[in-house]
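Protein chains: 2
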Amino acid sequence: MTTEKIDNISVATKASVYFDGKCISHGITFADGTKKSVGVILPASLTFSTGAPEIMECVAGACEYKLAGSDAWVKSTAGEKFSIPGNSKFDIRVESAEGYHYICHFG
Amino acid sequence: MTTEKIDNISVATKASVYFDGKCISHGITFADGTKKSVGVILPASLTFSTGAPEIMECVAGACEYKLAGSDAWVKSTAGEKFSIPGNSKFDIRVESAEGYHYICHFG
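Quick mapping for you: the protein sequence lines, in order, are chains A and B.
Heads up, the first sequence stops at 107 in the working numbering, and the numbers go up one at a time, no gaps.
Heads up, the second sequence stops at 107 in the working numbering, and the numbers go up one at a time, no gaps.
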């Protein structure tokens with residue numbers, strides 16, 4: 001099931017712009033202080049690094065990702081999630097013209 | 001004063017992507033049903049059309065805009081707003097590498 005909206009949060013009005021605009025996200029904060037982000041990756045091949053562990057939840061579009069130490073590209077589409085360990089990295093490629101729309105959960 | 005965050009709202013998790021990703025926004029909804037959006041325009045020259053009247057509030061970066069029927073380019077920076085009538089259009093150009101980060105208020 002796809003998470004179409006997130007209720008009762010605060011949103012940071014300034015976007016975070018990565019990779020010359022190929023990835024754009026807005027930070028959100030829950031009442032209990034939990035932080036996540038909502039964003040989109042436009043068609044591109046990118047490598048991200050993690051600090052805290054992350055769970056990437058796809059809400060629209062699709063990507064393929066490859067975790068550090070793996071040779072396997074895995075597809076992730078709307079309603080699906082994948083986990084990345086902390087202090088690691090992952091490759092992501094987006095071919096869908098729609099982009100890959102996501103919620104990033106930390107920790 | 002710059003609006004750095006907006007509290008107690010719902011955010012649409014899927015971004016709206018305009019002009020091949022030069023403008024990306026997320027819709028937000030207040031408890032009373034009021035809808036706005038938060039977004040960013042990356043360096044580009046674009047023309048937008050309005051349905052409802054809009055107020056564009058800059059939260060970071062800068063743009064120059066020109067309303068329909070005007071020959072004047074006007075600069076708008078963080079903390080400043082400008083209004084566009086309904087059923088109209090406006091040109092916007094962003095030269096700041098940071099982009100033009102905004103809240104769009106409708107009606």
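Treat the hints as calculated values from the structure; they're not laboratory data.
Glycine included, every Cβ here is placed at the ideal spot set by N, Cα and C.
Heads up, a few of these hints could be off.
Beta-carbon label-pair distances, calculated as ranges [what the hints assert, rightly or not]:
no., chain 1, residue 1, chain 2, residue 2, range
1, B, A97, A, T29, 25 to 33 Å
2, B, R93, A, E98, 44 to 52 Å
3, A, G69, B, S70, 39 to 47 Å
4, B, L46, A, T47, 23 to 31 Å
Over the 12 Å line for every Cβ pair with chain B, so calculated as not near, a few chain A residues [unchecked claim]:
no., residue
5, T2
6, K5
7, T13
8, N87
9, Y102
Each hint, compared with the structure:
Here the CB-CB span from A97/B to T29/A is close to 27 Å, well matched to the stated 25 to 33 Å. One distance hint, 44 to 52 Å for the beta-carbon pair R93/B and E98/A, is violated here, with the actual separation near 27 Å. A beta carbon spacing of about 57 Å between G69/A and S70/B contradicts the range 39 to 47 Å that was offered as a hint. At about 30 Å, the CB distance of L46/B to T47/A agrees with the hint of 23 to 31 Å.
Separation of T2/A from chain B is inadequate, the least Cβ-Cβ distance of about 8 Å not exceeding the 12 Å criterion. The claim that K5/A lies off the interface is violated: its Cβ sits roughly 5 Å from the closest Cβ of chain B, which falls inside the 12 Å cut-off. At the 12 Å boundary, the C-beta of T13/A falls inside the reach of chain B, the nearest C-beta of that chain being 4 Å off. Under the 12 Å C-beta cut-off, the non-interface status given to N87/A relative to chain B holds; the minimum distance is some 27 Å.
Not every CB of chain B lies more than 12 Å from the CB of Y102/A, the least distance being 8 Å, so the non-interface label is violated.
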